[in-house]
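Asks: Protein chains in written order, with my numbering: chain A, 1265 to 1791; chain B, -2 to 735; chain C, 10 to 106; chain D, 194 to 694.
I should point out that these hints are in silico values taken from the structure, not numbers from a laboratory.
Far from chain B by the CB rule (all over 12 Å, computed), these chain D residues:
#1 ALA202
#2 GLY209
#3 SER237
#4 GLU556
#5 VAL566
#6 LYS637
#7 GLY659
In silico contact screen, one side only, chain C against chain D (beta carbon under 7 Å); selected entries:
#8 MET45
#9 VAL49
#10 THR52
#11 ALA63
#12 ILE85
#13 ALA88
#14 ILE101
Pairwise CB distance ranges (calculated):
#15 A/GLU1730 - D/VAL566: 31 to 39 Å
#16 C/ALA80 - D/SER469: 39 to 47 Å
#17 B/PHE626 - A/THR1695: 57 to 65 Å
#18 D/SER469 - C/MET10: 32 to 40 Å
#19 D/VAL566 - C/VAL69: 55 to 63 Å
#20 A/ASP1347 - D/SER565: 37 to 45 Å
#21 A/THR1563 - B/ASP587: 51 to 59 Å
#22 A/ASN1775 - D/SER469: 43 to 51 Å
#23 D/ALA392 - A/ASN1775: 54 to 62 Å
Note that beta-carbon positions come from the ideal geometry of N, C-alpha and C, so glycine has one too.
One letter stands for each residue in the lines below.
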Amino acid sequence: MASFLDSIGYNLWVLPALLAIPLVGAVIVLMLPVREPAATAAGVETPAARQVALWLFVLEFVVSIGLWWSFNPADTGWQAPIDIGWIPTWGVRFTLGVDGIALMMVLLTTFIMPLSVLGSWTTIRTKVRSYYALLLILTTGMLGVFLARDLFLFYVMWEVMLVPMYFIIGVWGGERRIYASLKFFIYTMLPSLLMLVAIIYLGLHMKGADGTPDFSYDRLLTGAVGMPERTALWLFAAFFLAFAVKVPIFPFHTWLPDAHVEAPTAGSVILAGIMLKMGTFGFLRFALPLFPGAAMNPTIRMIILILALIGIIYGALVAMVQPDFKKLVAYSSVSHLGFVMLGIFALTLQSVQGALMVMINHGISTGALFLLVGIMYERRHSRLIDSYGGIARVAPMFAAILTFVSLSSIGLPGTNGFVGEFLVLIGSFRTYPVLTIIATTGVIFAAVYLLWAIQRILFNPLDKAENEHLTDLNKRELAMLVPLVAAIIWLGVYPAPVLRRMEGSAQLLVNRVERAGSLPRVSEAGR
Amino acid sequence: MLLQTAVSAASQAHPLSGTIAEWVWLLPILPLAGFVINGLLSLAGAHFGPTDPTAAEHEHHSEGAADASAISHAGHGADGDDQHAVKRHRWAGVVSVVGPGVLILSFLLALGIWQAMASAQPAAPFIQRYFSWMPVGDLHIDAAFQLDQLSMLMILVITGVGALIHVFSVGYMRDDPGYPRYFSYLNLFVFFMLVLVLGANYPVLFVGWEGVGLCSYLLIGFWFNDKANADAGKKAFIVNRIGDFGLLVAMFMLFANIGVLDFIGVSAKALDLGAGSALVTTICLFMFLGCTGKSAQIPLYIWLPDAMAGPTPVSALIHAATMVTAGVYLIARSSFLFSLSPVASLTVAVVGAVTAIFAATIGLKQWDIKKVLAYSTISQLGYMFVGVGVGAYVSGMFHLVTHAFFKALLFLGSGSVIHAMHAAYHRTHSNEDAQDMRNMGGLRRYLPVTCVLMWIATLAISGIPPLSGFMSKDEILGSVFARAQGSTLASATWLGIPGSTLLYIIYAIGLAAAFLTAVYMTRMMLYTFHGPARTGTEEEEALHEAPWIMTGPLVVLGILTVFGGWLNLPEVITGIIPLGPRELLAHWLDPVVGDATTRIAAGAAQVPASTEQALIGAAVVIAVAGIVFAMTRLKPDRLPRKRDAVPEHGFEGVVAHKYYVDEGIERTIVEPTYAVSRSFLWRVIDNGLIDGFFVNGSAALARGLGWVGSRLQTGNVGIYAWVLVVGVLVMLGAFTLR
Amino acid sequence: MLAESLALTAALFVIGVIGVLIHRNAIIIFMCVELMLTAVNLTFVAFSRFYGTAGQVFVVFVMTVSAAEAAVGLAIIIAIFRHRQTIDLKDINLLKG
Amino acid sequence: MQFDLTMPAQLTSALGPDLLLMGGAMVLLLWSGWRRESDEHQRSVGILSMVLCVLTMVAVGYYAYRGYTASDGVIAVDNFRWAADEIFLIATLGTIAMSLDYNRREGITPGESHVLLLFSTSGMMILAAARDLIIVFLGIELMSIAIYVLVGLNRRRERSAEGAIKYFLLGAFSTAFLLYGIALVYGATGATNFLVIKANIVRFNLQHSGLLLAGIALLLVGFGFKIAAAPFHMWAPDVYEGAPTPITAYMAAAVKAAAFAAFFRLWLEAFPTLLSTWHEAVWWLAALTMIVGNLVALAQRNIKRLLAYSSIAHAGYILVAMVVGTSLGSSAFMFYLFAYTMATLGAFAVIVALGRAGEDNMEVEEYAGLWSVRPGLAVAMAVFMLALLGFPIFGGIGFFAKWYVLEAALKAPFPQTRLAVILVVTSVVSAGYYLYVVMVMFMKPRSSTAILPERAGGWTRAVVWGSAAIILIFGLFPDALVSLTQRSTPAMSKEVALRSR
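Next up, chain A with everything else stripped away, as it sits in the complex:
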């Protein structure tokens, strides 16, 4: 496989191609001739748009999957790098590259996207072309964030994601979509702009001899370490806020339930599956390596860890009492991402690798949960848990998959969820044993809220007449869920290939942050 990829020069074009395919695709989708909903069999406006979009996303996935083989785990540097000038007068370059961390995030993205198209298949009936075009553009933005090696480019991509999602929530969302979309936009924009100030500050700090700022990640990596502690602290704070909102870390999470609940199914899937990972990815890629001194400052580290811990338990407890299943899943994200934050800031190889696994797993499991909620909603137009009950009897396949996915979300061993949480916890225990023990109680709460919810949905008496004739999953729905189920099993049983690919980058990160983070603390070395 690797030699075949070499022979087609895969590494030379793959990354720009990944960014370009969706953009070109968006144009294609927009140019499709409109067909009125009434004129189509499915009652969907311009049904060709969804087909084209699906195949484009499949193409995108096929193109990206080559990275799995072409990626060399032993090489901790950038792979498949691209470096083109963009705005030379500002010292901005269009530089891309993957490392082990980005690799998995990219594959997660390209994996989730076609499924989210399937998830929107029949629910999106109006403005279909625009919808899929926005999904495609969003993909470019998300991949751009993962691939960017230039802080300017990163920031641009970071913001680019916001607009399509704003429209997806606002136009195709639920009842309170307008409130939710605006909240989502402004909530994330404020800290992002503060991060922008920090990025400019950093770039100027690194300016070359001719005064041109330099936003190259690699240069900043070495250059940012030597900056005064106070400055680094402020810059870290700006980055922290931007990422913390995206993650979201308690108490910056309140946009999330609204956005998730109001978004159409695909929107929730992408939000939870991919966009939340932007925050934690940001910590791994930028906040920690650029400001190790600030991030590893014992007080700050402890504050963040405690926030993560609060997130784990608070998210679970609040999820437990939600009457709305989608909101429950949304709050469960707060809990899961708390594990990621714990893993990242505990900063051992195991915990960081675990955090990465949780990121992937959460994308898959929570993505699947949102798809399942979408399926429920499509049939009954209700997300309230109390509207259901006993439907396992009429929809056994749905029940089987929902149960299975919930179990993976709970972290049942043998599913992906366990691998991630186990690694996070076992790694974090090395540095923060007490906190880890408290965090471990999170696995109990996860079982409580999810099992209670699925009991009230799937089990108990089938006592609502509306539910007696619910139809089970159809072929399209199976087609979008089965890959997720397969991924859940695969990552749960044999995650080693994934872990191996990420290990180099994770190790590099840990070493870098530990080394650099220990520099300002020389005085404390005696203890």
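Since the structure of chain A is already known, use the hints to place chains B, C and D on it.
Replies: Leaving out everything else, chains B, C and D in the frame of chain A:
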């Protein structure tokens, strides 16, 4: 890396390599395949055509009988409805072959492997490494199986008893619409149970550990359309999760301190933790928390009685014979750790003893036949923990095995009773409780085989020689007494109490519990099979013995119950009566737990044979006394039927309500947690403070300020000019007055 | 001498400002603005005693421009009068908020 | 070539493009005065005016291309001037193009309206060139008097007249302050030429002269009024709302730009040595303007008023570039001006396109569901809103403009971090109303009674799509523009950067 090569090198030189033991991986794969096939059949059957198209119309579900309905399904298993003319599942034939078939194959394979092992007599475990599961830096977790004498014993119990129960289920679940689903869960359970006992490291064990919990959850809630059943399943899972939390933390501590998690590695490095150190004690206690969850010990026993909501064969397999004994297995497996910590070991023994007597008292006042057996199981598990707690790992395991026999027999027997009762009530459309002993009575006339076999099991569990229960229970009590005489435990102190004193107390508790066991078991038998029939005359006609496919396994289990004791005949008995070779099991398990047992028993004086004989005599006397006590004091013929019964008062009422433990937990933990989460965390903190005050508050503030600003814009030029002049003055002031 | 003239012009200017602030009639306000411009012109003249002709040139420009301004201004005032039949600024407040 | 400004012929040459525009405008005025008023007439004058604008742009481009310079004198010959001129001319072109359609709809027939725009623009060009307070005054008045008339152009609308009188009275009032400020500066330094003023301040050590400082304060008031900086902004929303929409666009884009250009040059060329004196005042002016503009805009429901407050807010952002007083600030200023002008023009062109006779359909809510009926305009408007919001890619150049200003603020010898933070925080507030417009267009259903706006005229659409294209294309490849603006700084500002602490 080093470790991996070492392991693979070891496995190559292992005496079992090249034998049938190489096929050990097939043991769990067979049931897994069964699970996949049955599961797909279950979904396929459901998807491509309802089993009973009229099901929805046929409901005449009685809301008032919510309690009874849990039971009313058990017999004919109508998936939540009291429906008639249930056709068998369209794939039932295939499932009946695949479901028990894979188990029988597994059992045969297990026998083959046992044969190989018995002849090879390996001193070291046989390890098969399949792939690297979670390799992260210095953390190496392999997907690997470890075959040694301990896991072999468990495999035989699991596949053997498991196969019998599968066969029994074919009859018991015959008409259930969820037939394939039932067998898929049951197969999956066996898969996970085998993973549990075969895992070569703690994480793989944990896979099985939580996996069996999952299956238990699924099977307890098998008739999920009843809220009580679904609740019970959920409760079991969550309570088990609390225990799993402990096991997880134990693993974290092991890895953080010695950097390995596989059994060989840990046992090699266990001494690095420091014998008797606080660290090793903490690890053991966390691990024991896991065991209390899985094996239903105080404080996490509360799920097991509720778990009786599942089909009765499930109770036999999972909640009596195999899964609940996993905690005992874990401690035996981790004997290299527990033997280092006398405090932890004593804790295990104390918790076991207290659980044994506590559950036995509750068992005295239960009316539901399965609940009696459930508390009996908890109580017997307590005995096993006493055994492994005092470092008598072999005795603990021995009791595990014999208990698997007689308790499975009891449960299946009760299944046979319920089956008959239910068929009877079904015929008369009665909503009476088919599991309540007050509705039974005199059943020996209709179920003679079941009655006899259950009496055998009752005598066994009560400790009547020479039945298996007598042998194993007596060994445990004997070991406690021996350890009290002198051992590392006896010389340790536990919460300020000298170890030997404590052990004598435990011994006394054990005897008392044995007495109670005899009482409540005899009570159960009397009320069920003897005295007048309280079923009702119409129903009596329908009462009949179960088909051979159900009685067959009962007979096999009966034989095992009688002769199970031969596995490990104590010297004190063989010394008197030459029944057969002595202490087979002890020799068998010696490579695994021998060192640990020796470590704990260090300094123990040989108990004189006369003392031992006296002890045995005392135990037998107590058992007989219990039976006699029950026989004389209980009056089956005066017992009112359930619907005529008056609730118990005073202490009896407290016991009948299981000391109100469930209610207490509900009030003090569950409800406050929900209340705080809902009204404080969600409403106040999330919606009120963070979202309301900070987020929307700041938005409202901005809008409010904007509104004020736009009000100032009155449209009157005069005002604009004034503002401008004020601006001028400020500006002038700023520039000139500095 | 300079100080006195500056004081005088400043006073004139302030009178103009106050006039603008307290009156509501558009014409009167405009006249007050003219008064301010005159004050400025005087200032220029006063300074140009010291610095030469530049100030006086300025005065010429200011006068020209204010004449043009007056022409436009009066036309605008007439236009508003046609609509409202008043030039009281208090009443001219359709545009606000 | 270097013009010697002491020689009248060369001074005339140095004013070449300005004179071309003025002369052409006069010819057009005469021509249009000779003809009967009619819509066709109005259109032909408009088209000729546009041709004249293009010619002037070419001339400006030629001057810039040749790299002419000049000796110190009353006017400057530098790239700053040329760049500013081009921005004014683009804005004028766009305004005239919109007016062609707007005037037809509103029944405004005099062709002189276009000519007045040209006069106003020539005033702006003079402002951009001015290096003498007298020229500044002349430029401002030339520009303003024409605007007073243009605001009241729609004689039939009462609001138009009201806007005109408010603008006129307050404008005259503020001019008096400006003029008094000029007088005081003249009195303190004895000069009206920027460079001489600067030299004299140093020579006579006037840093603490009360007269001079008072003069600067009053100048600040005068310019603050023209650029609509808080608290001198109160006229702006009323006048913007009252004025005919194309004129509003013109005021928001060109007038503001011209005032800024003169402001910038005066401050950087005449008072750089007083940076520490005026810095704080301008700082507060910038902060207050950003805060007031953005907050009050949140309360607006009329699209023109909303954009008026938005333009106030943008004046605040531009002031940030000014506060830092460096050449980077100057090029950021120019870049921002360009981006802002394009977005504003485009937004107002959409408003013109969607308007109905009698300045109707100006409530944001009336745009509800616009996406369903006029998807192109809705998308274009979204682009302009996001550009004004400063959003990358979708808002194209708007993001780079903000980036540039932030970079200038942070790169200053005295990094303006706090101001940068105020800028971004108020930007977030601005999302509240820009997205409100977007939300109404895209997310609210079209009311069943809503009247479908008629198809916009070709000229207006050209402005819409031209602005959108420029915003988006430069939004992807801003480098050419960046390097252009980097060269477009006032000649003296490099020195300023060095001196400012």
